[in-house]
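If you read the protein sequences in the order shown, they are chains U and L. Numbered according to the numbering used here, the first sequence spans residues 153 to 540. Numbered according to the numbering used here, the second sequence spans residues 13 to 366.
Among these hints, one or two may not hold up.
Just a few of them, taken from the derived set where beta-carbon distance is under 7 Å, the chain L residues facing chain U [to be verified]: (1) Glu94; (2) Leu106; (3) Asp114; (4) Leu135; (5) Pro139; (6) Thr141; (7) Pro144; (8) Leu200; (9) Tyr205; (10) Gly244; (11) Pro251; (12) Met254; (13) Glu336; (14) Val337.
Because the hints were derived from the structure by calculation, they are not lab data. Even for Gly, the Cβ is constructed at its ideal location relative to N, Cα and C.
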Amino acid sequence: MAKQPAAVVGVGQTHHRAKRLDVSMAGLCREAIDRALEDAGMTLDEIDAIVVGKAPDLFEGVMMPELFLAEALGAAGKPLLRVHTAGSVGGSTAIVAASLVQAGVHKKVLTVAYEKQSESNAMWALSVPLPFNMPVHAGAGGYFAPHVRSYIRRSDAPTHVGAIVAAKDRNNALKNPYAHLHNEGTTVESVLASQMLWDPIRYDETCPSSDGACALVIVSEDVAAASPNPAWIHGTVMRSEATTAAERDQVNPQASRDAAAALWKQAGITSPIDEIDMAEIYVPFSWFEPMWLESLGFADENGGGWRLTESGGTAMDGVLPVNCSGGVLSSNPIGASGMLRFGEAALQVRGAAGEHQVDGARKALGHAYGGGSQFFAMWVVGSEKPSN
Amino acid sequence: MRDVAVVGFAQRQMPEFDGSPTCVEMLVPLLAECYEQTGWTRRDIGFWCSGSSDYLAGRSFSFVSAVDAIGVIPPVNESHVEMDLAWAMYEAWLKIQTGEVDTALVYAFGKASAGVLRRTLGLQLEPYTMTPLWPDTVSLAGLQARAGIDAGVWDETAMAEVANRSLTDAEKNDWSIRKGGSSVEELLARPMYADPLRKHDCSPVTDGAAAIVLAAGDRARDVRETPAWISGLAHYIDPMGMGTRDLTRSPSAERAAAAVDLSGVEVAELHAPFSHQELVLRRELGLADDVRINPSGGALTSNPMFSAGGIRIGEVASRIWSSEVSKGVAHATSGPALQQNLLCVLGSTTEGTN
């Protein structure tokens with residue numbers, strides 16, 4: 153049997169904050185779930201199965217929290233799956249949920265991803281020293297800074313390009329009521345004046361630590377017929393590669409390039425820059441925007457990424473608006489961050505992104521990555537039903 | 013639905029694994045066995061999925077090192093669940109059902125001996141009101157066993173019968189780490205461990221890993237004369253709240269049983285880490301008296317965390333490959349006191365796979 157069409161008909165997210173002390177983990181998830189169900193015009197009773205995603209359990213200090221959350225998530229008496237693929241998990245979780253529909257097993261699937269970072273300290277949960285493993289010095293920034301330096305050297309990028317990304321995303325976030333950071337008046341100059349943390353990554357070029365959740369309702373073709381604006385899934389992809397290997401290109405990993413090639417092929421896209429109307433790309437540190445633009449094939453691999461960013465091409469009114477929601481740089485509930493990218497892409501093609509809507513967006517990319525730039529999850533959603 | 017079968021299975025079980033908590037050293041020979049059974053190389057695998065727990069490994073991202081066992085250059089199509097191997101297999105089965113791939117290899121691992129397992133698993137509980145009391149898993153199972161005894165649903169003799177049969181069968185399983193049946197009388201004369209549980213009523217702490225290979229249609233027929241076709245695959249979860257559940261029942265297991273066709277099942281491998289839990293499951297599945305239960309010795313004699321559920325599937329599949337049986341059911345569980353349950357029905361023909 154061929155793959156069944158599937159569409160996103162409900163998107164919900166929390167107001168992301170450093171500490172959501174007003175809600176428990178269950179309350180946080182339900183805030184996103186209830187909004188997604190309302191958007192889909194459904195109740196929990198109608199849902200066939202639930203897929204939960206989050207990053208390491210050490211971030212909250214509960215082993216397999218979906219077990220205790222099952223009842224609050226409305227999963228009692230239903231199938232429940234728990235996905236964990238590092239930073240890409242929000243994306244992978246949405247893909248697993250989509251596959252439940254695409255496989256013809258279920259018609260109405262709810263998926264939720266969350267992180268409540270205030271329950272613990274993610275930076276140090278990531279920094280446990282491990283024998284025979286490259287140390288993750290003081291969190292992800294220390295790990296990724298050398299990759300950024302390598303990109304700048306390889307591509308001869310002017311050193312202010314990261315600040316352009318940060319200023320753009322922080323200003324986009326002002327249009328998104330759910331974003332964690334609403335830092336008014338952020339400019340390239342103010343970013344450049346902020347504290348250097350992991351050279352060349354400055355304080356204003358890093359993602360915050362957020363509490364937050366995102367939920368999606370993914371349904372079959374016949375159920376989607378009742379929705380005024382379904383976001384059809386045109387392609388999904390996951391790819392993984394090793395953390396450490398002499399031949400690895402950590403700036404532009406093969407798993408990323410392979411994933412993009414497979415995704416564009418599945419979605420019937422031959423020229424991503426021309427055919428994709430907007431992209432939500434996982435950019436936890438500013439420089440990853442130009443890096444991923446090249447890896448994804450939106451720009452040439454010899455500095456095309458920073459040139460596109462520097463030219464304003466990724467701004468709201470550019471040729472390829474990137475992270476109109478404010479992106480990971482403005483909200484980073486780790487486990488949910490990937491699903492937020494997937495969900496924001498769906499909102500755009502549904503014409504439901506509010507103030508940060510890109511006019512006439514019909515095809516959008518949702519992207520997530522994790523581990524040491526080694527796990528990738530991506531999807532393309534469109535306002536039209538896929539022809540393939 | 014597409015016809016999908018289990019065509020490969022490899023396992024390792026031991027009291028204490030002398031290696032890293034990410035078990036890479038155990039996974040490499042395990043995957044090699046899968047290649048040998050199928051005649052494939054890793055490039056023949058369309059999709060990979062693993063199951064493991066960061067809490068068991070005592071670190072974040074334990075599966076990240078595990079993918080090194082595959083040799084993921086060039087990159088692979090891969091995913092991971094924080095669940096038992098049986099659910100990793102479920103995700104791979106879905107992937108094959110979408111038509112994107114025809115083959116999958118799933119694996120899971122866990123070094124339970126690295127910590128105090130009964131306390132580690134206690135961290136699965138509701139964190140705001142239950143975990144601070146830190147009831148451990150053996151104690152919770154003891155409460156469940158007591159509830160059944162008090163309600164007259166089972167007694168200590170019935171529990172000892174399960175243990176005696178399991179320990180006797182385990183003598184024929186090289187991987188079982190506790191074996192040697194005696195008699196119900198002798199077992200009942202042994203001391204209490206967590207009243208009403210004796211040591212033999214509780215699965216031993218086990219390190220281990222396992223891998224399962226799935227293939228669709230002709231890809232499966234190419235590998236084996238009699239592939240173990242999956243004719244039913246269903247899983248459900250119950251609320252965790254120990255105080256509000258009837259601990260003598262497992263509604264999610266009952267529901268899974270209703271979602272598959274168990275008629276004519278000759279063998280059942282039930283993932284029951286405590287003797288009384290087998291009694292609960294037999295009732296929920298409505299198994300006839302002539303169904304052979306846990307010929308491998310079951311989880312009561314060897315229970316490697318995160319692979320023991322999937323091993324049940326492999327054990328049933330092996331008996332179908334050898335034509336010992338033509339239909340069997342495998343069960344996997346997760347969470348305290350049988351909270352989450354999966355059933356996988358396997359058969360020697362594709363009958364019922366649609």
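Each hint, compared with the structure:
no., hint, verdict
1, Glu94, "holds (4 Å)"
2, Leu106, "holds (5 Å)"
3, Asp114, "violated (13 Å)"
4, Leu135, "holds (4 Å)"
5, Pro139, "holds (5 Å)"
6, Thr141, "violated (10 Å)"
7, Pro144, "violated (12 Å)"
8, Leu200, "violated (33 Å)"
9, Tyr205, "violated (23 Å)"
10, Gly244, "violated (12 Å)"
11, Pro251, "holds (4 Å)"
12, Met254, "violated (11 Å)"
13, Glu336, "violated (30 Å)"
14, Val337, "violated (27 Å)"
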